[in-house]
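Asks: Next come the chains, spelled out residue by residue.
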Amino acid sequence: MLFFTLANTKSEFIPCDVAYDKYGNMLFRVCYSILVSHADAEDAVQDVFYKYITKQPTFESEEHLKAWLIRVASNRSKDILRSKKIRSTLTLEEADNYEIDEDQSEILKEVFALPIKYREVIVLHHLEGYSVKEIADLLSISESGVKMRLSRGRDMLKEAISE
Amino acid sequence: MFDQKTVEAYKRIKPSDELREQILNAKPEQRSATILTLKRYASLAACIALVVIVGLIAGRGFADGSLTVTLADGTALSAEAVNVYPVTASYTGAARIAIHTGDDTPVYPAPANADDCFYLEVSSNKTAVIKATSGNIFMYDENLGNYLEYTYDAYFEGKAKIYWHITDMEVGESQFLTVSGRSKETRIILTKTEGGFTLSSQNEEN
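Chains as they are written, first to last, in this note's numbering: chain G, 1 to 163; chain R, 1 to 206.
Mixed in with the good hints there might be a few duds.
Claimed, not checked - Quick list of simulated restraints, FRET-style, between CB atoms: (1) R/Ile189 <-> G/Ser105: 40 to 46 Å; (2) G/Lys147 <-> R/Glu8: 33 to 39 Å; (3) G/Asp17 <-> R/Thr88: 53 to 59 Å; (4) R/Asn146 <-> G/Phe59: 43 to 49 Å; (5) R/Ser66 <-> G/His64: 45 to 51 Å; (6) R/Asp17 <-> G/Glu63: 23 to 29 Å; (7) G/Glu63 <-> R/Met1: 24 to 30 Å; (8) R/Asn143 <-> G/Phe59: 42 to 48 Å; (9) R/Phe176 <-> G/Lys147: 20 to 26 Å; (10) G/Pro115 <-> R/Thr88: 19 to 25 Å; (11) G/Glu60 <-> R/Thr70: 51 to 57 Å; (12) G/Lys147 <-> R/Ser183: 36 to 42 Å.
Since the hints were made in silico from the structure, they are not lab data.
In this text, a Cβ means the ideal position worked out from N, Cα and C, and glycines have one as well.
Could you build the full structure based on these sequences and the hints that come with them?
Replies: This is how it looks when you write it as structure tokens:
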């Protein structure tokens with residue numbers, strides 16, 4: 001009985017191709033929202049799956065897997081940003097040269113111009129659909145911290161849009 | 001604010017078709033690269049352990065790094081709070097000079113958005129790192145001849161000129177800069193008061 005119980009609850013490593021097909025695009029969007037660069041975001045996603053392949057982690061549920069992937073993607077993207085020594089102060093004209101496609105909505109462009117700590121919670125909540133509690137767990141911050149950043153981020157967006 | 005059009009535009013952000021193949025095809029090489037990397041790290045770890053053991057046996061610890069933080073006029077920060085003012089930037093011909101509103105000590109050069117910044121000079125005889133609980137740090141890069149903006153950690157050795165850009169503080173609120181060396185840490189405390197701002201510092205041993 002104990003053997004079958006253990007066998008039924010044993011978590012298995014989900015193959016890389018399955019994980020990529022299910023979460024690859026979402027992870028790319030998360031990385032892109034931090035790096036605002038297709039090339040850098042692809043590098044970050046590659047690094048995430050390299051870590052996934054080498055560590056071969058197992059999880060109790062797919063939700064835990066998804067959270068792990070997002071956490072790794074977010075941290076890796078911030079590492080890349082840090083190693084590039086975020087650009088010297090940009091003029092508004094230089095900031096417009098970020099890789100923002102013409103067909104992206106105006107609001108999206110302003111989202112990608114937000115400071116990162118507001119940008120990531122806005123993206124995770126309003127665009128990826130995560131709850132405040134889920135975001136707090138993902139980013140290892142308090143729920144009140146998430147709410148504060150969401151509020152401040154929305155205020156900054158309203159200011160930017162009204163200009 | 002976040003209507004369907006915005007969400008759809010966001011969901012259109014996708015990687016190239018080649019990324020999937022690059023990730024899946026890289027697996028065998030990365031596995032062998034991992035083994036090689038592990039061997040390399042094991043050798044490096046053994047060397048480092050040997051150095052540490054020799055150092056301990058010799059009975060000499062590492063020299064402590066000294067950290068100092070001063071304002072533009074050379075005043076060293078201490079536990080006693082001093083009134084400070086955000087910088088205002090002005091231009092003289094091709095140069096850009098930041099002038100403190102409080103004591104008019106000019107600081108040259110300054111980043112493009114020096115307004116709403118607090119200027120500090122930090123020095124450490126060992127590599128140290130500056131972290132802010134809020135705002136961004138602009139640190140002067142001698143090689144570039146310009147200021148670089150750091151959202152997270154800013155590493156330096158020797159003397160560093162920094163502008164701490166921080167806004168939206170409430171009266172009574174404090175934010176912190178931490179300057180961490182190998183064995184010492186200095187915590188810089190910026191507090192917004194009814195009359196303006198104050199700065200003070202606390203030193204701690206790591």
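Asks: Confirm or reject each hint.
Replies: Hint check results:
no.	hint	result
1	R/Ile189 <-> G/Ser105: 40 to 46 Å	42 Å, holds
2	G/Lys147 <-> R/Glu8: 33 to 39 Å	26 Å, violated
3	G/Asp17 <-> R/Thr88: 53 to 59 Å	57 Å, holds
4	R/Asn146 <-> G/Phe59: 43 to 49 Å	46 Å, holds
5	R/Ser66 <-> G/His64: 45 to 51 Å	46 Å, holds
6	R/Asp17 <-> G/Glu63: 23 to 29 Å	28 Å, holds
7	G/Glu63 <-> R/Met1: 24 to 30 Å	28 Å, holds
8	R/Asn143 <-> G/Phe59: 42 to 48 Å	45 Å, holds
9	R/Phe176 <-> G/Lys147: 20 to 26 Å	22 Å, holds
10	G/Pro115 <-> R/Thr88: 19 to 25 Å	22 Å, holds
11	G/Glu60 <-> R/Thr70: 51 to 57 Å	53 Å, holds
12	G/Lys147 <-> R/Ser183: 36 to 42 Å	38 Å, holds
Taken one by one, the earlier hints fail for this structure only at number 2.
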